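Residue numbers (our numbering), protein chains in the order written: chain A, 1 to 207; chain B, 1 to 300.
Calculated from the structure, these hints are not laboratory results.
Nothing here was measured: the structure is a model prediction, and the numbers come from that model.
Worth double-checking, as some hints may not be accurate.
Output of the computed footprint for chain A on chain B, the stretches with three or more beta carbons under 8 Å from beta carbons of chain A [unchecked claim]:
1. 6 to 18
2. 26 to 33
3. 89 to 95
Okay, derived cross-link-like pairs now, DSBU-like style, lysine-lysine, Cα gap no bigger than 30 Å in a straight line [stated by the list, open to error]:
4. A:Lys89 to B:Lys130
5. B:Lys53 to B:Lys64
6. B:Lys64 to B:Lys130
7. B:Lys53 to B:Lys146
8. A:Lys89 to B:Lys154
9. B:Lys154 to B:Lys53
10. B:Lys154 to B:Lys130
11. B:Lys146 to B:Lys130
12. B:Lys64 to B:Lys154
13. B:Lys237 to B:Lys64
14. A:Lys87 to B:Lys233
15. B:Lys130 to A:Lys87
Heads up, the beta-carbon is just placed ideally off N, CA and C, and yes, glycines get one too.
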Amino acid sequence: MSTKEKHEGLSLARLIMVLGSISPLFILWAIRGTCQVQNAYCQTLNETGQIPKESCLVPNLYFVSVCCAFIVLPNAFLLLRRWTAHKHKDAREIVVGKAEDHRDHLLVYLFAMLLPFYASNLTNWREFSATVVAVCFIVFLFWSCNLHYMNLLFAIMGYRIFTIYPPDDGNPLSGRESVVLITRRATVFSGERIPSYRLSNTVFWED
Amino acid sequence: MPITFDLAAVNLVEFGVGREAANGVEFVAIPTDDDIQSALQDMASQTVAALSKHDEVAFAPSEKYDSVENVVTATNGEYAGVLADLHRAEMLPMLATALNDPEPIFCYFARLSRADGTRLTCVRRATQFKGILKSRLIQVITDALKIVEERTFKLDNDYDLLIDDDNIHILRASGFVVLSGIEAVVLAAVPQNIARLQVNLPFVDFTLISNYAANHSRAAKVLASICSEGEAKDVSKERLIAACQECGAEVQIVVDQVRPQAGHELSFLMVLDRRLFRVQLVEGQIERYQAGSRRLVQGA
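With the rest of the complex left out, here is chain A:
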């Protein structure tokens, strides 16, 4: 086993963090639900003073509960992971060679995740299954590409996301892998040393 191989570690934690990153989708789904008004005939009846009937693929109570669980639990886990790193001083010094502000990743995130799935139809089993499978594919891609830092919660809390490349110091033992730093700093300068808590082996959080 050599470090030349990719050893990201914390696989389950990263998966849960990816689920946390798609929590806005579950918020939208919870609002939309899987119900639809049955047909035009029913609407005609409505004009006569009757309440239009809805047919729900999944009962609202269950669907909203599941969506809420997918919203709350992964983000709670993310905060727990951050708390654990704090408690155990699980930190390392990030040395900045080059830093890139990756706000454009949020656009990718929006286009890859929120917009297509928001528009998908969840009112019949076939569409619903296809959508769930597509979400699974996206989750897998985010997980394998280490995009688990893509979380609107960070933006809401005022954090920015930088990709940090280590300095090219000519030392054969220095790390070559880039890491992601979640920080409140507006800019990160070359040569800075930033003690940060470890969320995963490639994602670090500076308070």
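We have chain A; now place chain B onto it with these hints.
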């Protein structure tokens, strides 16, 4: 120069191991909790305390040291080898699973960092660290003893050496010799060391010595010591020949150049390194000795 690093002001502790890899050695960081970090800091304090009990001496590759001493060599010096790289390396690769395969691990280390950017790197060979793996441990679970099934590693009480920005402070020279790969370093440096000596000793023919030292690590170490301690400066040709004769290192003079006889290359180098000497305390009986370890006697 004593260690100036303030252990009370450490804000980050990084733990890791050195492993033998296909293309040499590699050092990886392993995440740890705060209990282990405290233990690693305690080990550093113990090492500083142990070092302070001894007088500081400069490291020489040919010297034989006691099991515990206070030996110093420069971090930027020729003997630091991979240890200097370890001290200066930034953002070491992280491999949380490194202990799953303990066989190639040859050392473990801690890097203690302060907010001002200074760092103290502490290194220890992994003999006891891994040794516990082969032991059968027992623990009390209820009122009955039980074999410990989990893999257990054991931290030592102190480190073999501490590295700051200026110096490597060596508590166990045997550990330093292994960790820094001194043999490979001095063998690789033989041509340069011969060239340096040739400047100081133009009247010596180093052809035989060069060939010998390239294949004998002991001779390469003595050669490196002579160079690093400047022992070849201002050496008189006549006194060198006389010292060789006195100590039994046979030399011949060929075209005004001093050359050791075949088989006497190491003895010749040891004369230059002040490690061969003659004593005559008994009338008519000359005794010659070789000093594995020697110190300059002040005021002599």
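Results of checking the hints against the structure:
1. Check result for the region 6 to 18 of chain B against chain A: holds, 4 residues qualifying (beta carbon to beta carbon below 8 Å, three or more required).
2. Coverage of the region 26 to 33 of chain B by chain A holds. Counting CB-CB distances below 8 Å, 7 residues qualify, and the rule asks for three or more.
3. For the region 89 to 95 of chain B, the stated coverage by chain A holds: 7 residues have a C-beta nearer than 8 Å to a C-beta of that chain, and at least 3 were required.
4. With a C-alpha separation of about 25 Å, the suggested pairing of Lys89 (chain A) with Lys130 (chain B) holds against the 30 Å cut-off.
5. Between Lys53 (chain B) and Lys64 (chain B), the direct Cα distance comes to roughly 19 Å. Compliance with the 30 Å bound is thereby established for this hinted pair.
6. With a CA separation close to 27 Å, the supplied pair Lys64 (chain B) and Lys130 (chain B) stays within the 30 Å bound.
7. A threshold of 30 Å between alpha carbons decides the hint, and for Lys53 (chain B) with Lys146 (chain B) the separation of about 41 Å lies outside it, so the pair is violated.
8. Restraint check: the Cα-Cα separation between Lys89 (chain A) and Lys154 (chain B) comes to about 21 Å, which is no more than 30 Å; the hinted pair holds.
9. At most 30 Å may separate the alpha-carbon atoms for a hinted pair to count; Lys154 (chain B) and Lys53 (chain B) meet this at roughly 25 Å.
10. Restraint check for Lys154 (chain B) and Lys130 (chain B): the C-alpha separation of about 7 Å stays at or below 30 Å, so the hint holds.
11. The suggested pairing of Lys146 (chain B) with Lys130 (chain B) holds, with an alpha-carbon distance near 21 Å, which does not exceed 30 Å.
12. A C-alpha spacing of about 29 Å is found between Lys64 (chain B) and Lys154 (chain B), which places the hinted pair at or below 30 Å, so the restraint holds.
13. A distance of roughly 28 Å separates the Cα atoms of Lys237 (chain B) and Lys64 (chain B); the hinted pair therefore holds under the 30 Å criterion.
14. Restraint check: the Cα-Cα separation between Lys87 (chain A) and Lys233 (chain B) comes to about 59 Å, which exceeds 30 Å; the hinted pair is violated.
15. At roughly 28 Å between alpha-carbon atoms, Lys130 (chain B) and Lys87 (chain A) fall within 30 Å of each other, so this suggested pair holds.
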